[in-house]
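Chemist: Assembly of the complex is requested from the two constituent chains, each provided in isolation within its own frame, with the hints serving as guidance.
Residue numbers (my numbering), protein chains in the order written: chain A, 555 to 803; chain B, 247 to 493.
Where hints are given, some of them may not hold.
With a cut-off of at most 30 Å between alpha-carbon atoms, the simulated DSS-like pairs for lysine-lysine come out as follows [to be verified]:
1. B:Lys-302 x B:Lys-285
2. A:Lys-606 x B:Lys-412
3. A:Lys-606 x B:Lys-321
4. B:Lys-259 x B:Lys-321
5. A:Lys-609 x B:Lys-283
6. A:Lys-628 x B:Lys-321
7. B:Lys-259 x A:Lys-609
8. A:Lys-590 x A:Lys-560
9. B:Lys-351 x A:Lys-711
10. A:Lys-606 x A:Lys-628
11. B:Lys-299 x B:Lys-285
12. B:Lys-351 x A:Lys-606
13. A:Lys-590 x B:Lys-283
14. B:Lys-299 x A:Lys-560
Coverage of chain A stretches by chain B, computed from C-beta distances (three or more under 8 Å per stretch; other residues unrestricted) [to be verified]:
15. 675-686
16. 712-719
For the record, the hints were derived by calculation from the structure and aren't laboratory data. All C-beta atoms in this analysis are idealised placements derived from N, C-alpha and C, irrespective of residue type, glycine included.
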Amino acid sequence: MDATTKRELRQVRAVLITGGVVAAVLSLAAFGQSQKTRFSEIDVERINVVEKDGKLRLTISNSARLPDVIIGGKSYPLRGGTGAGSAGFVFFNDEGNENGGLVFAGKETATGGHRANGHMTFDQFDQDEALAFSYSDVDGRMRAGLTISDRADIPIKIFADSAMAFQALPDGPEKTRRLQQLRDSPIGEAGRSRLRVFVGKTPDRAAALTLGDPQGRTRVRLTVDSLGAPALDFLDEAGRVVRRYPGNP
Amino acid sequence: MDNDIRRELRVLKGYAIVVTALLGTISLAAFRQASQKQKFTEIDVERINVVEKDGKLRMVISNRDRSIGPIYKGKPFGYAGGTRPGIIFFNDEGTENGGLTFDGKREADGTFHSQSGFSFDQFNQDQVLYLQYNDRNGRRNMGLTIADRADVDIYDLVMARDSILKAHPAGAARDAALQKWAAPRNGVPMAAPRVYVGRDVTKSAIVNLSDRNGNTRLRMMVDSLGTPSLEFLDASGAVTSRLPASR
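Pulled out of the complex, with its shape left as it was, chain B reads as follows (with noise of 0.2 Å):
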């Protein structure tokens, strides 16, 4: 082989050598960055999740479409995500504890609706304190709530009613067996809204506090025409006492 040929072939060499190891080199250091902190002026972003180190999810700022469904224990279950923007979070099982979601659109016909919410949920079940504001054209309520809920799984309620739509057709069994779901356990309501302090759908100030059962039994309000009233109210919503009584 001649001279030329062959130191041709160890420049090469030597380049080939270098250019592996700066490349390998580099990416490694690229990878390694991702995994220490970093730090960003600004950033855009879809979505963050926020995880523990193994990976399980504490919490999910998301925009729109890439919002997240509920999870229970790591798993999806009851609809799909996409209609939560804001931020989901998550306890230390994985499962959905609470969320701040904000909502607002207006169709083509011109009508809008909007929502917002702040939630804190009771222990593997649905939100028991929350603050909303709810708008469909201008009705609207807004308000804090905070509710009793039956100490059901509500993993096990999910997956309860959707075998009922599975199982029956649309009509008298489907809802009869869908009433028998949602009656109350061991006599606790699914649901019972204990306190409410807001401005309802009718524009009255409003507080009610409510029985285990959910019946409103105290109620203090200032209505639409201004009028002030503190009502008392039996289990059937009869008023039985009013101030300020009248002279």
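Bound-form chain A, shown alone (with noise of 0.2 Å):
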């Protein structure tokens, strides 16, 4: 082999180990980097966070891909109202449902009036919201505190199953009634909350503490009223104010 061609020869071959030994280090760090990578930004629409089996644990998302309720790892298209149109934080528990929340929502409408919303949940163990912190607000009139209910010891899932069966018709009165039949039914029992505590603002105005009874009826009010007079109230079942504090002088 003459001089010229040995040269070639390893020209190519040092070439090719270079290369090679590049390629292997590169991807070596490529496949490092599936484990662990950095970005120092990103722009994302949601992220899942996931147990290694795959199972949701958590979701951070926009509006438009906020997750449907998940029970039982069935999916619930029934979120409405403040849960409508919001982004944020969704939580879920070892056994795959939905236990919790921290989403925010604020949206200006077609009259020139807006509806916003900040909300924090914590979601009984196979039930719905036990624990709220929360503002909602419409076109200004807003409510914003802490909210405790007792929620049934029964799971929601046979309500949610339920509640399906007419989730597909328009709202309207016909959605309305089916649905007061179903929370008059004794289904409607897994759906029920009762109020326990709400300490906060009002809607009317009023600074307020209120405790109630089991049954959901407030049976001590602690209020500053949008006067600014200062009460103690205790009712009874019905509602009656039965004492009130400071008595008149």
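Modeler: Below, the structure is given as structure tokens:
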């Protein structure tokens, strides 16, 4: 073999070996990257934090990708009211059931008003909100505070399954009637909440602390109303004030 | 050398150079992309660390297995991770200062337990403001708690406790040492609840305001039978005054 050929061969070998080493190092580094990656900043529409087996633990999302209510691995497109149009975090427990959230929403309406809310909730196991820390506002009429509710000791799933039967109906009197019918049925108990504690401000511009009985009826109320009058009221089961402090001088 | 071999070699050399250059460029681009701003529609992840530029932890969002244990100035202490799915927050010192965690599990025997909490920690200490829901088979409480904590560094406290546990086997000596360890520091209890607003395990809706030693001195309540009351208590827990007053 002449000298030129030998040189050529050496060059080819050098290039190939270098290329191989570089490729190997970079590939290894790239694989390492899939274990733990570092970004300065990411834009994302939704992040699912999952357990190793793929089970959802929490989602962080925009409003369009907020997950439906999930109970026992099944999706229920039942989110309405304050849940609709919100973005933020939804949490799930070891069973894969939704058990809380931290969501925010705010929107100007066609009539020039607005609807806004911020909502953090802890759900009772196999049930719905037992503790809520929330702000809701419709055209400046707002309520903000801490709410604690008793929920039934039966799973919410039976209520959600029943509600699915008429979920597809358009909003209107028929749907409202069917929902009321469900609420009045024995299954309705599974969807009921009974207010035990509220601390916050109310739509009638009072600062208030109320305590309710296990049926959800307010029995003690500490308020400073919109006119600045402070009061401590005790109420009976029918909602009548039976004692008020300070008493008449 | 004949021309065929020479041509082959030239082709090979050209090929090798082009491929290597391409590979290098692509790989570098891939790495660069990772350090710039990226856009995803949806991603699955087991844990996200939000870090300062120097890598110091600011926030950890994770599933159960990868959840982080307590961290003090960047150092793990107390107990191992793996028990707190959710979000844990850290301050400028790299010390944990809050968390938002959600939990709930049914065991094989049908019993369940569930706990969710949102907490703010006193600097270099533990939670002083927290919203919490606890449930063991329907025995549950949920509410807002505001607490005082002694001005003692939590790291020193945990280290002192661990050394007591290491020095003494279970028994009277350990109990005595732990009791001394848990005693008030400079007259301030280790932890004293000052405000509680919630629903307790006796099914009462309740507001407790307590003194610096953690003794409830004012209690507003609607109990499980629906009876409302406002009570003033002395430091020993005896009711000294009660509303509504009987007429």
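Chemist: Now look at each hint and say whether the structure bears it out.
Modeler: Structure-based check of all given hints:
Annotation: proposed proximity of Lys-302 (chain B) to Lys-285 (chain B) holds, straight-line Cα distance about 24 Å (limit 30 Å). The hinted pair formed by Lys-606 (chain A) and Lys-412 (chain B) fails the criterion: a straight-line CA distance of about 35 Å is larger than 30 Å. At roughly 26 Å between alpha-carbon atoms, Lys-606 (chain A) and Lys-321 (chain B) fall within 30 Å of each other, so this suggested pair holds. Under the criterion of a C-alpha separation no larger than 30 Å, the hint pairing Lys-259 (chain B) with Lys-321 (chain B) is inconsistent with the structure, at around 53 Å.
For a cut-off of 30 Å, the pair hint linking Lys-609 (chain A) to Lys-283 (chain B) stands: about 28 Å separates their Cα positions. For the hint pairing Lys-628 (chain A) with Lys-321 (chain B), the CA-to-CA distance comes to about 41 Å; that exceeds 30 Å, so the pair is violated. With a CA separation close to 51 Å, the supplied pair Lys-259 (chain B) and Lys-609 (chain A) exceeds the 30 Å bound. Restraint check for Lys-590 (chain A) and Lys-560 (chain A): not satisfied, since their Cα atoms lie roughly 45 Å apart, outside the 30 Å limit.
Distance check on the hinted pair: Lys-351 (chain B) and Lys-711 (chain A) sit about 16 Å apart at the alpha-carbon level, within 30 Å; holds. Proximity of Lys-606 (chain A) to Lys-628 (chain A) is assessed by CA-CA distance (about 20 Å); at most 30 Å being required, the pair is judged to hold. Taking the CA atoms of Lys-299 (chain B) and Lys-285 (chain B), the gap is near 20 Å; set against the 30 Å cutoff, the hint holds. The straight-line distance between the Cα atoms of Lys-351 (chain B) and Lys-606 (chain A) is roughly 17 Å, inside the 30 Å bound, and the hint therefore holds.
Among the hinted pairs, Lys-590 (chain A) with Lys-283 (chain B) is consistent with the structure: their alpha-carbon atoms are about 16 Å apart, no more than 30 Å. As the CA atoms of Lys-299 (chain B) and Lys-560 (chain A) are separated by approximately 51 Å, the hinted pair breaks the 30 Å bound. Interface restraint, the region 675-686 of chain A with chain B: holds (7 residues with C-beta to C-beta distance below 8 Å; minimum three). With 0 residues bearing a CB less than 8 Å from a CB of chain B, the region 712-719 of chain A misses the requirement of three and the coverage assertion fails.
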